[in-house]
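The residues making up each chain are set out below.
There are 2 protein chains.
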Amino acid sequence: MENSTPLSYKGAGVDIEAGDEASSRAFMAARSTYRPEIIEKSGVVLFDARFQNYRHPMLIGGSDGVGTKLKIAFMTGRHNTVGIDLVAMCVNDLIRRGAEPLVFLPYFATGKLNTEVAEQVSEGVAEGCRRANCSIVGGETAEMPGFYAPGEYDMAGSCFGVVENDGIITGESIQPGDIILGLASSGLHSNGYSLARRAILPHYALEDTPSELNGQSLASALLEPTRIYVKSVLAVLKTGAVINGLAHITGSGFRKLYKIIPKELSARIDSESWTIPPIFKLIQAAGNVEQAEMFNTFNMGIGFAAVVPASDATAISALFAQHGEIAYQIGVIEKR
Amino acid sequence: MENSTPLSYKGAGVDIEAGDEASSRAFMAARSTYRPEIIEKSGVVLFDARFQNYRHPMLIGGSDGVGTKLKIAFMTGRHNTVGIDLVAMCVNDLIRRGAEPLVFLPYFATGKLNTEVAEQVSEGVAEGCRRANCSIVGGETAEMPGFYAPGEYDMAGSCFGVVENDGIITGESIQPGDIILGLASSGLHSNGYSLARRAILPHYALEDTPSELNGQSLASALLEPTRIYVKSVLAVLKTGAVINGLAHITGSGFRKLYKIIPKELSARIDSESWTIPPIFKLIQAAGNVEQAEMFNTFNMGIGFAAVVPASDATAISALFAQHGEIAYQIGVIEKR
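Protein chains in written order, with the UniProt record's numbering: chain A, 1 to 336; chain B, 1 to 336.
Keep in mind that the hints were calculated from the coordinates and are not lab data.
Check the hints yourself; a few may be wrong.
Copies of the same chain look alike in the list, so a pair counts if it fits in one copy or across any two.
In the DSSO-like style, the derived pairs of lysine-lysine whose C-alpha atoms are separated by at most 30 Å in a straight line are [as the list claims (entries may be wrong)]: (1) Lys259 with Lys112; (2) Lys238 with Lys112; (3) Lys112 with Lys335; (4) Lys263 with Lys238; (5) Lys112 with Lys281; (6) Lys281 with Lys263; (7) Lys281 with Lys238; (8) Lys41 with Lys281.
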């Protein structure tokens, strides 16, 4: 029972030095995201948890991935934006509860580690965290021979934030007559890519610039990073504006909005109240996708929603606009 | 540019209902892990962050995966233990800083969601969290068509814990003459599986019960969950015992121990001071793996290490034993 050549871990496909190098580069990128609460002690990254601006701080966490949007990164070799998407998916989920994202941990797994690709990904994660004012405090780079196709990888992110105990937004206070404000998305964000690829790829190459996209390539439209709503939403909340509910519009389209609405109420969305961006129309036409399926799968141009009292809707819209968002009045809450 | 049949998201390989079902089962398992600090408000899981038992609480986080140990779960169809490994990898990393693990977020990604498999995995994660006294406060189940081979998946976990600012263990106080205590591992834990599989699989079937394993099957030996050292390590720290350094012995064997030792010092490990478990000897023989490579890849029977003053070594060993660990004096710290 002897092999002629001794086996080794590197021979089995795992390169510890490459892993250390990737971790070290990721650590450098992470430092650019540090909030003032961060302290490093002998390489240990710590977050001061005295929360002196909070009377009764509650931690809230969430995990997410980027999904099959990654396939577009693989096909184009552009890996510096999907990290932004990863952060966006996690932090946009936290702010819908009224929480301030604080700390982020990325996980990156691939079959054979390419340190250039891993570095591009890390830089995207760091850029996302800077946009979200959230600190990278660790993370993991895993080399898993035989798990991923050559050149492919998966990513996951975890984020924790803090919220004042009596400031948690659950949707419970939503009333009939409340107005639904929709904040413009930057594109598909990170959802619906399995369908989008099936619709588009039989008809287009990713470098194509179809006239519908006004000079933008499909690759660029499909890789547009998910908008991060952290700074605008937290700024609006800080004004004391009455927000009865917040929803992060993701994978199953507007279902995330319906989930926060009390059972006896429903949301009437007027899909004519905003302009559906051309990328969605292109996908719909290319794939012959039914309108209902489009709304069940994609954000259709609205990435985040706020439910507010009708009397405040115009003022809160203006506040969102002041903080850089395009806000539409997209619907109203009704009794069932 | 019309397809004859309209495309749909489900047709594209993503089943939202199956995802919801898996999430719902995972949520039930998560509830069995709740610490008293957890509050659920309208389905939102929150962790009370007042930390009233801490003078200056610091948060510390870490992410990890299970690596290619998952391949053994795929080959055997036993998915209820790898979740324990996932938690173990994360929480054992936190306690080496003296931190108490508090909250955990799992990520599970697969090509086509099998709710039975996902449920087994979730139950393992919950069991790991109960062993670590750590609460599952969220998580993500991702269906990613085309990313994973049929029947395969990947997992990642993230954990945050709390540590008293002046109680953080960095290894800086390690002195020449300090004794290294090694705590017995339960087997391979979650590292070295790429090499282990290459060594073993050409020669054995996983259901084989080689005489070296005293009746245990290879499948069972290889799937033995990673030991979770949280309760014993925190109990020993709570006694006020002087611990100068703690190391979680993982992927690169004892390198994790060397990393915490001040540069001017080194560790002399006596590999005859404990009994190397038979699974490691079997891997070494089957794969004709050199001894140095074995120690660079596997934990070789020691899953966690504590560096303590020589005068306290016997007493601290006894404390670990009282809390269920097998502790060996495996080495000594020396000047370089």
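Hints, verified against the model:
1. In this assembly of identical chains, the alpha carbons of lysine 259 and lysine 112 lie at most 30 Å apart only when taken from different copies (25 Å versus 40 Å within one copy).
2. In this assembly of identical chains, the alpha carbons of lysine 238 and lysine 112 never lie at most 30 Å apart, being 46 Å within a copy and 42 Å across copies at closest.
3. Proximity of lysine 112 to lysine 335 under the C-alpha cut-off of 30 Å is found in neither arrangement, the shortest distances being 55 Å within a copy and 38 Å between copies.
4. In the homo-oligomer, the alpha carbons of lysine 263 and lysine 238 lie at most 30 Å apart inside one protomer (28 Å), although the nearest pairing across protomers, at 48 Å, exceeds that limit.
5. Taking the closest pair of Cα atoms, lysine 112 and lysine 281 come within 30 Å of each other only across two copies (28 Å); inside a single copy the shortest separation is 38 Å, beyond that limit.
6. For a Cα distance limit of 30 Å, the shortest separation of lysine 281 from lysine 263 qualifies neither inside one copy, at 32 Å, nor across copies, at 61 Å.
7. For a Cα distance limit of 30 Å, the shortest separation of lysine 281 from lysine 238 qualifies neither inside one copy, at 36 Å, nor across copies, at 62 Å.
8. Taking identical chains as interchangeable, the C-alpha atoms of lysine 41 and lysine 281 are never at most 30 Å apart, the minima being 52 Å within one chain and 39 Å between chains.
Violated hints for the displayed structure, listed by number in ascending order: 2, 3, 6, 7 and 8.
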